[in-house]
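Asker: Spelled out, the chains give:
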Amino acid sequence: MRALVIDDSRTMRRIIVGVLRSLGFDTLEAADGREALDVLESGVQVDLACIDWNMPVMNGLEFVLAARANREWRDVTLMMVTTESEHGQIVRALAAGAHEYLIKPFTADAIREKLQLLGLVEWEVSA
Amino acid sequence: MSAAIDLASYAGSDPIFTIAEEVFGAMIDTEPETLREWFGPAPGFGDPTYAWVDVGGESPGRVLLTTERSTATRVTRGLLGLGPDEAVEDADFVDALGEVANVLGGNVKALVPDPGALSLPRVSHAAPDGPVRDLVHELLLDWRGACLVISVWSLP
Amino acid sequence: MTLAPDNFRWVVDLVRRRSAIQLEAGKEYLVESRLLPLARTAGLGDVDSYVRSIRVTAGLAVLEAVVEALTTNETSWFRDAQPFMSLADHIVPELRPAGGAGQLRIWSAACSSGQEPYSIAMVLSDLAVAGRLRILATDLNQQVLARARNGRYSQLEVNRGLPAPMLVKHFTRAGADWEVAPALRSSISFAQHNLLDAPPAGGPFDVVFLRNVLIYFDLATKRDVLRRVRQAIRPGGYLLLGAAETTIGIDDDFERVSLGRGSGYRLATRRAA
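Protein chains in written order, with my numbering: chain A, 1223 to 1349; chain B, -18 to 137; chain C, 29 to 301.
The set of hints was computed from the structure by calculation and includes no laboratory data.
Here the structure is a predicted model, which means the values were calculated and not measured.
For every residue, glycine included, the Cβ atom is placed at its ideal position computed from N, Cα and C.
Treat the hints with care, as some may be off.
[As the list claims (entries may be wrong)] Footprint (simulated), chain C over chain A, 3 or more residues, beta carbon under 8 Å: (1) 1271 to 1279; (2) 1333 to 1344.
[As the list claims (entries may be wrong)] Sample of chain B residues at the chain A side, in silico, Cβ under 8 Å: (3) 8; (4) 59; (5) 63; (6) 65; (7) 73; (8) 76; (9) 79; (10) 99; (11) 101; (12) 104; (13) 105; (14) 108.
[Claimed, not checked] Over the 10 Å line for every Cβ pair with chain C, so calculated as not near, a few chain A residues: (15) 1254; (16) 1291; (17) 1298; (18) 1320.
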């Protein structure tokens, strides 16, 4: 499984990549929505995109809209990982086509559980 | 953000403290109960670090984190999982502190009605300049004995 | 002082025996952070000293507290997911086919801070039965029950296994927290209840959730609790247990039933003599 981590903060990319790798994902990174689209356009197979909202050049919402507009990428699971936490913002992101939404700050457990909900990580009986 | 945060409605518990606890507890320091409120006046910071984000909209404001540079370095280590002896690169320092300001700011802005957009974070060893501002709320934190100040300002 | 390997192994063994949960190597940090509050309450400065002391003399209550500290925090929403899907996709359509009348009564028998009963209400909210749903949520502990009644959760808590579409549909922001919307609360009542007592008023129930609480009891008590719970289930009704739990070997009056990709328990059908 391959994940694309999209966030303008290198720190945040590092943290998310660390968690995803421990869950068995290969990872790629992009610092904004435009770079992320470039990755998808290059033909690389991506199963999951973790997407920050506020980024320069192209923000996360714009990326979600672009990703969903392209039928070739319809199997990419789109999860927002963002500090935007108003009710209305979450509604907007889901309406734009995001599949899940994780609010910062988050724990590694929270990421795992969202990915379990999405069917990308197995349910298991362990602490 | 002058209309801002009606603390009376939170029944005595400071929502910004809750936010700080969540940020620290989830991402910076997983040992329980290491963040408390600081009692007494803020100490002077000999070598301060400032990290802030601005919130746009009809009542623009700023969420500012101020602390001693050495504390900011420890925050960076916590966030990046660096050991006590590992070097902290300047670029990592700026990025990490900026992200802390981003997460704090994003959560604080959700406390006010109709907040605007969040700016990109800024990190500096000089206090943010600009037009005179009103201090809306200030929270002093004690993290393992070190003081951090989260202040919320309204911008003209 | 960091946790010594033999003390870590002892804790792993304790947790596995009492909860079927396996802590892997590398989880020493988890044991240290979760047991530190217990160590401090016991007047000790570190987890290694604490484990060393409880290995020598620890009553059941202490051991339970240790297991709970390590297996809890699974107060996530839709814990293990499958039972909630089985409820919506199999149990409810069987017991209350759309267009049918009659209340659907569900007992969440160790509701803790409320995630389970609210999750039940959420997963059923779109079904025709939503208006006829009565959920009774009980727990022995008054403090967690008060939290459950409050229906107010931190941002970290709502990040835990709660699908975002459900978050926006059933919660509103309250300061830094999120609060369950009134419409969801209306089908739930909360009460204190001890599983060792006779079943609570409000039954008999169509479905009982008794998840991850039997693990804390010895065999005799498990039998006792299941016997009482059995009395509270309507014929044809279902019992749902935790992922690692079973009635097999404990209570022959239940039979395991497949429910899609999950399973539940029902009163065994008796053959004529």
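Asker: Compare the structure with each hint and give your call.
Answerer: Hints and how they fare:
no.	hint	verdict
1	1271 to 1279	violated (count 0)
2	1333 to 1344	holds (count 4)
3	8	5 Å, holds
4	59	11 Å, violated
5	63	11 Å, violated
6	65	18 Å, violated
7	73	7 Å, holds
8	76	5 Å, holds
9	79	7 Å, holds
10	99	5 Å, holds
11	101	7 Å, holds
12	104	11 Å, violated
13	105	17 Å, violated
14	108	23 Å, violated
15	1254	23 Å, holds
16	1291	21 Å, holds
17	1298	17 Å, holds
18	1320	8 Å, violated
When the structure is compared with the earlier hints, violations turn up for hints 1, 4, 5, 6, 12, 13, 14 and 18 and for no others.
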